[in-house]
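Taken in order, these protein sequences are the chains called Y and F.
Be aware that the first sequence starts at 0, since it is given in numbering that gives the first Met the number 0, and climbs by one per residue.
Be aware that the second sequence starts at 0, since it is given in numbering that gives the first Met the number 0, and climbs by one per residue.
It should be emphasised that the hints constitute simulated quantities derived from the structure, not laboratory data.
Source: prediction; values computed, not measured.
Glycine is no exception: its CB is placed at the ideal position from the N, C-alpha and C atoms.
Wrong hints could be hidden among the right ones.
Stated by the list, open to error - Within a straight-line C-alpha distance of at most 25 Å, the following computed DMTMM-like cross-link-like pairs (lysine to aspartate or glutamate) qualify: (1) F:Lys247 - Y:Glu78; (2) F:Lys501 - F:Asp73; (3) F:Lys247 - Y:Glu39; (4) F:Lys695 - Y:Glu39; (5) F:Lys247 - F:Asp295; (6) F:Lys154 - F:Asp586; (7) F:Lys664 - Y:Asp144; (8) F:Lys131 - F:Asp73; (9) F:Lys247 - Y:Glu44; (10) Y:Lys94 - Y:Glu78; (11) F:Lys695 - Y:Glu171; (12) F:Lys501 - F:Glu526; (13) F:Lys664 - Y:Glu44; (14) Y:Lys94 - Y:Glu44; (15) F:Lys247 - F:Glu281; (16) Y:Lys94 - Y:Glu171; (17) F:Lys664 - Y:Glu78; (18) F:Lys360 - F:Asp524; (19) Y:Lys94 - Y:Glu51; (20) Y:Lys94 - Y:Asp144; (21) F:Lys272 - F:Glu287; (22) Y:Lys94 - Y:Glu124; (23) F:Lys154 - F:Glu318; (24) F:Lys664 - Y:Glu39; (25) F:Lys272 - F:Glu526.
Said to hold, decoys possible - Here are the in silico distance ranges between beta carbons for each label pair: (26) F:Pro303 - Y:Asp147: 36 to 44 Å; (27) Y:Asp147 - F:Pro553: 30 to 38 Å; (28) Y:Ala157 - F:Ser570: 26 to 34 Å.
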Amino acid sequence: MARYVMAIDTRRCVGCMDCVVACKTENDVPEGFNRDWITETVRGEFPSLGLEIRSERCNHCAHPPCVDCCPTGASHVHERGGVVLVEGDKCIGCKACIAACPYDARYVHPDGHVDKCTFCIHRVEQGLLPACVSVCPTRCMHFGDAEDPHSDVSRLLATRPHHTILPEAGTEPRVHYLT
Amino acid sequence: MNALSRRRFLKISTASVLGAGVAGRAAGLCSGLRDPLDPRVRTVPTFCDVCFWKCGAIASVRGGRLWKIEGNPDDPLCRGRLCPRGTGGIGAHSDPDRLRTPLIRTHERGEEKWQEISWEEALDYVATRMQKIAAQHGPESMALFAHGIGGTFLKHTFRAFGSPNIAAPSFAQCRGPRETGFELTFGEGVGSPERTDIANTDCLVLIGSHLGENMHNTQVQEFAEAIGRGASIIVVDPRFSVAASKAKHYLPIRPGTDLALLLAWMKVIVDEKLYDADYVAEHGFGFESFAAALQDCTPEWAYPETGIEPELIRATAREMARHKPATLVHPGRHVNWYGDDAQRSRAIALLNGLLGSWGRKGGFYVPASIDVPSYPYPDYPEPKRGRLDNPERKFPFAGEAITTGIREATLSGQPYPIKGWMVYATNLLHALPDQAATLRAIQQLDLLVVVDVVPSEIAGWADVVLPESVYLERFDELNPEYFRQPFLALRQPVVAPPHDQKPNWWIARQLAARLGLGAWFPWQDIEEYLAHRVRAAGLSYEELKEKGVLLGAPQPLYFEDGAPAEFPTPSGKIEFYSTQLERAGFDPVPRYTPPEPGPPAAFRLLFGRAPMHSFSRTHSNRLLSDLMDENCVWVNHRVASRLGLRTGDMVRLRNQDGVLGNRVKVNATRRIRPDCVYLVHGFGHTARGLRHALGKGASDAELITRYTTDPLMGGTGMNVNFVTIETKD
Chain Y
0 MARYVMAIDT RRCVGCMDCV VACKTENDVP EGFNRDWITE TVRGEFPSLG
50 LEIRSERCNH CAHPPCVDCC PTGASHVHER GGVVLVEGDK CIGCKACIAA
100 CPYDARYVHP DGHVDKCTFC IHRVEQGLLP ACVSVCPTRC MHFGDAEDPH
150 SDVSRLLATR PHHTILPEAG TEPRVHYLT
Chain F
0 MNALSRRRFL KISTASVLGA GVAGRAAGLC SGLRDPLDPR VRTVPTFCDV
50 CFWKCGAIAS VRGGRLWKIE GNPDDPLCRG RLCPRGTGGI GAHSDPDRLR
100 TPLIRTHERG EEKWQEISWE EALDYVATRM QKIAAQHGPE SMALFAHGIG
150 GTFLKHTFRA FGSPNIAAPS FAQCRGPRET GFELTFGEGV GSPERTDIAN
200 TDCLVLIGSH LGENMHNTQV QEFAEAIGRG ASIIVVDPRF SVAASKAKHY
250 LPIRPGTDLA LLLAWMKVIV DEKLYDADYV AEHGFGFESF AAALQDCTPE
300 WAYPETGIEP ELIRATAREM ARHKPATLVH PGRHVNWYGD DAQRSRAIAL
350 LNGLLGSWGR KGGFYVPASI DVPSYPYPDY PEPKRGRLDN PERKFPFAGE
400 AITTGIREAT LSGQPYPIKG WMVYATNLLH ALPDQAATLR AIQQLDLLVV
450 VDVVPSEIAG WADVVLPESV YLERFDELNP EYFRQPFLAL RQPVVAPPHD
500 QKPNWWIARQ LAARLGLGAW FPWQDIEEYL AHRVRAAGLS YEELKEKGVL
550 LGAPQPLYFE DGAPAEFPTP SGKIEFYSTQ LERAGFDPVP RYTPPEPGPP
600 AAFRLLFGRA PMHSFSRTHS NRLLSDLMDE NCVWVNHRVA SRLGLRTGDM
650 VRLRNQDGVL GNRVKVNATR RIRPDCVYLV HGFGHTARGL RHALGKGASD
700 AELITRYTTD PLMGGTGMNV NFVTIETKD
């Protein structure tokens, strides 16, 4: 079974938000909303500073609390790659998943259902990369199958230091940040 | 100086064969190719216009609606990946605030009250007024300000009309000092796209250049590659930029003192004999006099000026020398800062000369372009009076026209009156310093015409506003790019304009017809013009339409590979000592003058770029404004704390001349020195038509009431304004 993950190189990322706008056009995300976003963490004192820039999104967790709490089964784990998806037609907009998500990765679409990152599964199924990955001018984003030892992501995660966001939440996030 | 830059043209002799699968034209649009993955989708290759970089792009239309735009993998500039502005460029097409029909002013200038009129009426009005001005004052009394490749056809109309007064802020408000500084040293400018070999550099030095925030696509891509390769990066900036966060050495310099640092670096490299002695001996002129002029510029001398400790100056100089000649001291782009900018840029050129990086791998490559002959037009009439932006060559090393010189002439009426301005795709009120002077100049005019896609601030002062179709809706001038890999690119329409907007070439042609200049537009249709030029270059227009980009043969990029080592300076060499500067009364080797201090307790106002916006022209694009819809003022966190300010608090900036800026949020941050504040340029719109952007953030332009003029080339140094922070509204 494939297990899709992202490995994002924070050393290369400049925080330009191309990933954000590419997602918006690819997925027709309505004005005022976005499925991915940029976070910056500053450490140290001027001028000895460190800055980590991260492109963040749904972590497609191995233990997704948003799926566990969904009363209708709209939030589910897709058979392909373990991607966490929302089936708009089944969603009643109760927002339980929004409350359960430690990453604030979900929003209510103006059409009434909850929406979030899909790892662009519609593109992945066509053999394409997610829009955010394919557009990135710094080539800081990598997507692939962590179960495949020869994939880019497996190689990077085996050789580079990396971290996830809020690992203490116990959700086993699948978006990894290379440092 | 030798104003001619060497141009390496590449002749293509064999025409390519029309590729399969090219679809025909329908209603002026390129019907494009079907997407094999989705039959509802058609794709059209074109090139971007959200900034001036001109990346090749492929636009997708799904179900008749513009869906997305992606980088063209064949395009050497973007290599298949656009920047956020390019990706969000489709928002320019759907922008609900864009200009829709021609407008004529019904009230006082600047009141932004209009009547919608037809193109016939608008063009008749403009042509009649232009002819009246020409009859009374001569055709030279009409000036054109035009930015970007789209200005080509209006410039053509103006030259045919008989006016030599054509300028763009991209020289005297942007990259001009750099071009002058490099021309004085190497005989050639850096050009655009810059000939910087970031892709292969082992040591990249950025002085104020904030790549990553400043989103010139190729450069940012290569910057990320340099980071990935572990290149040594040195960043000099009063602000801890994104680029600074990637650096091995960050030098938090005191604003305005960069030249002192550059001289001290060169002093270390000369004293410790770390320079490329063979390269300097072979290509250099006046090295001994240059070295002697650096005598007092020790790191200890530079320390109190720059705030950079002598050992750090030495360590970074040695770091640069260790990697020579694959060390690139980046020339920057927007470099009109302090009025000594051409000499500072020359110092950057000299440092690169010492390191042997000009013409060398990892430094500056030697670019080339495909030779695309110009269209066989009649000669332009010789203007009876010459350009008036630089009277008596007051600025002897200005290689291009000076916008602010035209403004001064408009105000003074000397050496002759300017009575009409046409403004194409440049928001002069945000681009030029001293807005009040621009507005006073406008009051001297009998005619102000603005051609633009959005109702910008300058459009608000126009007599007639002509709405242009956006780049996704029009053909445009060809781009035979002068680059690492020579190529030719085509812009072609993807979708129809949503209202009564027209392309620049149509406007220019219609205007020319009304001015009796039809002989200069012998072609009936833009594609006739484009195909003629492409075929004259020995290429297939049909193939260009299908692919968007045609590549020329690669040329040697470096001296070591056979690229010609030519320096079109008076000595034919790299001028470490400049006799032409000396003869003109300037320092033959750059000399440092300390910056003028500001008023007590005031902060120097600095400005820069954000990656998702271009100038002041993208803030009503909803896709891009969703990424950033206002700027904030960066204030050192300790200063903010002393003033009782937190991130998110609203303040106003007041400058040294009492000008009070718009309300703006504070960003209390550790990432800036305590003696300056920083704004992203272009926000704080006041034009009422920009409904979405109106009043969001603060405008640096309105606070830049003062500037220092570069004596070599007339550039306007704009980082010479100081502000205090007003916390009570």
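Inset, instruction - Tell me, in ascending order, the numbers of any earlier hints that this structure violates. - result: Violated hints: 1, 2, 5, 6, 7, 8, 11, 14, 15, 17, 18, 19, 20, 22, 23, 25, 26 and 28; rest satisfied.
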